[in-house]
Amino acid sequence: MKIHTLTLAQLSKGLRAREFSSVDLVRGFLDRIDAHQPTLNAMITVMRDQALSAAEAADRELAAGRGGPLAGLPIVHKDLFCTEGVLTTCGSHMLDNFVSPYDATVVAKLKAAGAITLAKSNMDEFAMGSSNETSYFGPVRNPWNTDLVPGGSSGGSAAAVAARLVPAATATDTGGSIRQPAALCGVTGVKPTYGRVSRYGMIAFASSLDQGGVIAATAADAALILREMSGFDANDSTSVDMPVPDYMAGLDAPLAGMKIGLLKEFFDKGLDAENEKRIREALAIYERLGATLREVSLPNLPLSVPAYYVVAPAECSSNLARFDGVRFGHRAKDPRDLMDLYKRSRGEGFGAEVKRRIMTGTYVLSAGYYDAYYLKAQKVRQLISADFKRAFSEVDVLMGPTTPTPAFPIGAKTSDPITMYLNDIYTIGANLAGLPAMSIPCGFTAGLPVGLQIVGPHFSEGKLLNAAHVFQRETDWHTRVPERFS
Amino acid sequence: MYDFGLSFAFVVSSNPMLLTREQIENIAHLARLALQPAELPVYQQSLSAIFDFVGELDRADTANVAPMAHPLPGLSQRLRPDVVTETDRHEVYQRNAPQVAAGLYLVPKVIE
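Sequence order for the protein chains is D and Z.
Going by the working numbering, the first sequence opens with residue 2, and the numbers climb by one from there.
Going by the working numbering, the second sequence opens with residue 193, and the numbers climb by one from there.
These aren't lab readings, by the way, just hints derived from the structure by calculation.
Every residue gets a Cβ at the ideal spot worked out from N, C-alpha and C, and that includes glycine.
Watch out, some of these pointers could steer you wrong.
Calculated from the model, a selection of chain D residues having no Cβ within reach of chain Z, i.e. all distances over 12 Å [unchecked claim]:
{"#": "1", "residue": "Ile4"}
{"#": "2", "residue": "Leu149"}
{"#": "3", "residue": "Gly232"}
{"#": "4", "residue": "Gly348"}
{"#": "5", "residue": "Ala353"}
Derived CB-CB ranges, DEER-like [to be verified]:
{"#": "6", "chain 1": "D", "residue 1": "Ser298", "chain 2": "Z", "residue 2": "Pro233", "range": "38 to 44 Å"}
{"#": "7", "chain 1": "Z", "residue 1": "Gln228", "chain 2": "D", "residue 2": "Asp477", "range": "47 to 53 Å"}
{"#": "8", "chain 1": "Z", "residue 1": "Glu214", "chain 2": "D", "residue 2": "Asp341", "range": "17 to 23 Å"}
{"#": "9", "chain 1": "D", "residue 1": "Asp338", "chain 2": "Z", "residue 2": "Arg281", "range": "52 to 58 Å"}
{"#": "10", "chain 1": "D", "residue 1": "Asn146", "chain 2": "Z", "residue 2": "Asp253", "range": "42 to 48 Å"}
{"#": "11", "chain 1": "D", "residue 1": "Gly139", "chain 2": "Z", "residue 2": "Glu214", "range": "14 to 20 Å"}
{"#": "12", "chain 1": "Z", "residue 1": "Gln228", "chain 2": "D", "residue 2": "Ala36", "range": "34 to 40 Å"}
{"#": "13", "chain 1": "D", "residue 1": "Ala254", "chain 2": "Z", "residue 2": "Ala258", "range": "35 to 41 Å"}
{"#": "14", "chain 1": "Z", "residue 1": "Ala258", "chain 2": "D", "residue 2": "Asn236", "range": "43 to 49 Å"}
{"#": "15", "chain 1": "D", "residue 1": "Arg49", "chain 2": "Z", "residue 2": "Ala258", "range": "48 to 54 Å"}
{"#": "16", "chain 1": "D", "residue 1": "Ala274", "chain 2": "Z", "residue 2": "Ala258", "range": "36 to 42 Å"}
{"#": "17", "chain 1": "D", "residue 1": "Ser394", "chain 2": "Z", "residue 2": "Val257", "range": "15 to 21 Å"}
{"#": "18", "chain 1": "Z", "residue 1": "Ser268", "chain 2": "D", "residue 2": "Glu282", "range": "30 to 36 Å"}
{"#": "19", "chain 1": "D", "residue 1": "Ala36", "chain 2": "Z", "residue 2": "Pro273", "range": "49 to 55 Å"}
Could you put together the complete structure from these sequences and hints?
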């Protein structure tokens with residue numbers, strides 16, 4: 002049996018019916034990870050021994066009729082989630098020797114639900130990138146065409162799910178880092194509402210924007226994982242104390258009467274014509290399912306990229322100040338004095354893009370520039386947030402493209418940071434406003450997947466997953482696997 | 193409702209006002225980053241382009257707008273009672289430290 006073609010729900014059923022054991026599953030997926038690592042470079046650390054012994058324990062639980070909702074199911078964590086006793090690098094030379102002394106809340110929750118961690122996935126360094134090319138461990142390759150990028154920063158998680166090296170993977174999204182790679186790899190990615198998933202143990206990039214989420218093959222699988230990873234956590238001061246709905250329960254609700262807003266600004270210049278066609282075709286399916294479409298305008302949305310490239314670097318420069326070569330991480334050899342220790346440890350430990358963002362943030366927060374840049378950006382953020390609020394008084398969800406183009410060649414955009422930043426033009430708005438958003442596969446252009454983005458009001462994850470799941474009942478784009486991995 | 197007439201098709205200036213080499217060195221110093229000489233012109237170019245690009249923000253009228261303080265409206269950071277919740281795990285944490293002696297983190301001498 003081809004276990005890698007099954008969904009989490011099917012795998013769970015098979016485990017409970019003793020068609021296969023957790024050890025079978027874990028070994029099967031680990032073998033796929035190892036076999037495709039030279040091609041895709043999707044992982045930074047593979048946890049074979051730990052995973053196999055956890056699978057043996059899961060099999061004992063299952064045999065006794067026990068085990069949590071994810072008992073025995075394999076998962077991969079993006080390498081910025083701290084995992085106790087395991088290397089946690091954040092894709093950086095700075096942390097290439099860091100063994101986390103504790104589990105992130107997301108890791109602990111999924112472990113408690115019975116999931117088994119197979120590996121830590123590759124990513125852009127400190128989650129700063131849109132192509133996975135800034136990783137200290139080398140770029141991840143897109144399973145649909147290995148000359149192309151998988152997107153980023155959660156490129157390892159997206160590529161791994163697309164190639165069915167694992168059924169689901171955790172990921173994080175600060176400006177599009179779940180949705181953009183999900184779109185470019187043809188998989189389903191969910192960025193929850195800010196505060197819905199605990200950030201404790203997620204190595205921080207921009208604390209007012211970062212949000213953990215999930216990448217899976219289907220919306221139903223994403224719902225299953227999200228239900229287990231969400232919820233209040235006293236260890237995260239921005240965690241929201243609200244009950245987690247059963248995301249599985251509402252998946253099949255009919256879409257008749259759903260009001261879908263089409264973001265006028267998203268269908269403007271800059272959107273690839275073929276991408277637009279696939280999006281319009283998907284929207285026609287929603288219409289057939291009984292939803293109504295209406296154009297809405299968010300006039301301030303085009304300012305989301307410049308606002309983001311002030312706010313995110315500012316928060317990054319502050320968060321990454323902790324990497325000083327003293328308590329953890331890389332330390333330069335033979336420092337002359339403390340200042341030399343700080344400067345050379347950081348200069349050597351961080352890659353080019355991370356340094357660029359730290360310096361951008363340092364500048365916009367420095368004396369004399371704070372009002373002109375940071376304060377201004379936070380005001381524009383308020384305007385963008387108000388635009389969304391107004392839109393959601395008229396429609397239930399917003400839909401549009403996740404990315405302007407399909408996946409691009411490795412190396413094509415590395416020389417010009419702003420061209421790279423513009424990959425996230427459609428995704429950043431949701432981060433600035435703290436909104437939940439997802440990307441689902443909605444077709445192909447020249448053999449490459451196209452992603453449909455769905456954005457909803459705060460805490461509407463259930464509605465988004467419902468819209469995605471009903472679409473996936475009508476289409477089979479989410480079941481497509483690149484030939485060499487099928 | 194107002195319209196800036198903006199679109200997502202940004203016009204990126206290829207000749208932004210260049211930050212000086214000294215400005216870059218100063219930013220790097222404030223950020224505690226040692227840069228290689230070859231890195232300076234690269235950052236001079238790209239940081240200048242980035243600040244030019246984020247200058248787009250000036251086009252928004254924010255005269256009566258309060259800066260956003262939290263992504264979720266009406267929420268602020270929670271406080272917890274000021275009590276000890278963590279056990280002493282310094283030995284575990286210090287396993288990641290580059291240099292430790294007698295439970296202390298070592299750095300080059302600071303006071304002569």
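| D:Asn146 versus Z:Asp253 beta-carbon gap, inside 42 to 48 Å or not | Hint holds: Cβ distance 45 Å, inside 42 to 48 Å.
| message | Does the beta carbon distance between D:Ser394 and Z:Val257 stay inside 15 to 21 Å, or does it fall outside? | response | Cβ of D:Ser394 to Cβ of Z:Val257: about 19 Å, so the range 15 to 21 Å holds.
| said: Just to be sure I understand the hint, the distance between the Cβ atoms of D:Ala36 and Z:Pro273 should be within 49 to 55 Å; is that true here? | reply: About 52 Å separates the Cβ atoms of D:Ala36 and Z:Pro273, which means 49 to 55 Å holds.
| task | Given the range 34 to 40 Å, decide if the beta-carbon distance of Z:Gln228 to D:Ala36 lies inside it. | result | holds, 39 Å
| said: Is the claim that D:Ile4 lies outside the interface with chain Z correct, judged by CB distances over 12 Å? | reply: Non-interface label on D:Ile4 holds, nearest chain Z Cβ at 37 Å vs cutoff 12 Å.
| request: With 17 to 23 Å as the target window, see if Z:Glu214 and D:Asp341 comply at their CB atoms. | output: Once the Cβ atoms are compared, 20 Å apart, the range 17 to 23 Å for D:Asp341 and Z:Glu214 holds.
| Do the Cβ positions of D:Asp338 and Z:Arg281 conform to the proposed distance bound of 52 to 58 Å? | violated, 30 Å
| request: Using the beta carbons of D:Arg49 and Z:Ala258, state whether their distance is inside 48 to 54 Å or not. | output: Between D:Arg49 and Z:Ala258, where Cβ atoms are some 52 Å apart, the hint holds.
| said: Just want to verify: D:Gly232 was marked as not at the interface with chain Z; is every Cβ pair farther apart than 12 Å? | reply: Given that every Cβ of chain Z is farther than 12 Å from that of D:Gly232, nearest at about 15 Å, it holds.
| field | Whether the CB-CB distance between D:Ala274 and Z:Ala258 falls inside 36 to 42 Å | value | holds, 40 Å
| request: Just tell me: holds or violated, for the beta carbon distance of D:Gly139 and Z:Glu214 against 14 to 20 Å? | output: violated, 35 Å
| query | Cβ-Cβ distance between Z:Ser268 and D:Glu282: within 30 to 36 Å? | reply | At roughly 44 Å between Cβ atoms, D:Glu282 and Z:Ser268 fall outside 30 to 36 Å, so the hint is violated.
Hints 4, 5, 9, 11, 14 and 18 from the earlier list are contradicted by this structure; the remaining hints agree with it.
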